[in-house]
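Engineer: Sequence:
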Amino acid sequence: MKKQSQQQREDLTGEHTLGDAGQIVFACLFAATWIADTFFFRYTTFLNQLVPPAARILVGVVMLVVSGYLAGTGLSIVFGKVREKPGVIREGVFNVVRHPVYLSEILLYFGLLMLNISLVAAAIWIFAIVFLHYISRYEEKLLLERFGDEYKLYMQEVPMWFPRFRKK
Numbered sequence: 004m005k006k007q008s009q010q011q012r013e014d015l016t017g018e019h020t021l022g023d024a025g026q027i028v029f030a031c032l033f034a035a036t037w038i039a040d041t042f043f044f045r046y047t048t049f050l051n052q053l054v055p056p057a058a059r060i061l062v063g064v065v066m067l068v069v070s071g072y073l074a075g076t077g078l079s080i081v082f083g084k085v086r087e088k089p090g091v092i093r094e095g096v097f098n099v100v101r102h103p104v105y106l107s108e109i110l111l112y113f114g115l116l117m118l119n120i121s122l123v124a125a126a127i128w129i130f131a132i133v134f135l136h137y138i139s140r141y142e143e144k145l146l147l148e149r150f151g152d153e154y155k156l157y158m159q160e161v162p163m164w165f166p167r168f169r170k171k
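Numbers in the numbering used here are just positions in the sequence shown, counted from 1, shifted up by 3.
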């Protein structure tokens, strides 16, 4: 079932029915675990002693900034305007990776993990990545059904997760 906002937008293709709920569950689980392990229990935070705080903070902040940029830009491109003629979105961050909003979620978790390394939160992060990959593949099937060769070409030219900064 499509969400209310998507039912009224013919230019949007859709998403997995468990996508939003799953993301909320993983976000809450990750946050609760990371906070509990970071500030209270400290059971799996011993790696923080091996990585210098300056390095962790630098990498963490960079990941959080990149995450915010990808999420903000990606969401504004998709939901910022209604397209008269639906098609494959190739502008901005969608010209660098196919799933910039999901990638932003992955980088958000990673940025927090760099600020304070918690192995139990890292395990949840890995499960979240698997979940995001699963829903991304599902959504790509919907896009292939709707846009066919246009989306196939997009898949060949734009990587799913890891940006390619040189042309093929």
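One should not assume that every hint holds.
To be verified - Think about it this way: if two alpha-carbon atoms lie no more than 35 Å apart in a straight line, the pair counts; the simulated DSBU-like pairs of lysine-lysine are: (1) K88 with K144; (2) K155 with K144; (3) K155 with K84; (4) K84 with K144; (5) K155 with K88.
Simulated from the structure, these hints should not be mistaken for laboratory data.
None of the values given here were measured: they were computed from a predicted structure.
Engineer: With reference to the structure, classify each hint as holding or not holding.
Structural biologist: Now the hints, each set against the structure:
For the hint pairing K88 with K144, the CA-to-CA distance comes to about 20 Å; that is within 35 Å, so the pair holds. The suggested pairing of K155 with K144 holds, with an alpha-carbon distance near 10 Å, which does not exceed 35 Å. About 24 Å separates the Cα atoms of K155 and K84, which keeps this hinted pair within 35 Å; it holds. Under the criterion of a C-alpha separation no larger than 35 Å, the hint pairing K84 with K144 is consistent with the structure, at around 24 Å.
Taking the CA atoms of K155 and K88, the gap is about 18 Å. The hint holds against a cut of 35 Å.
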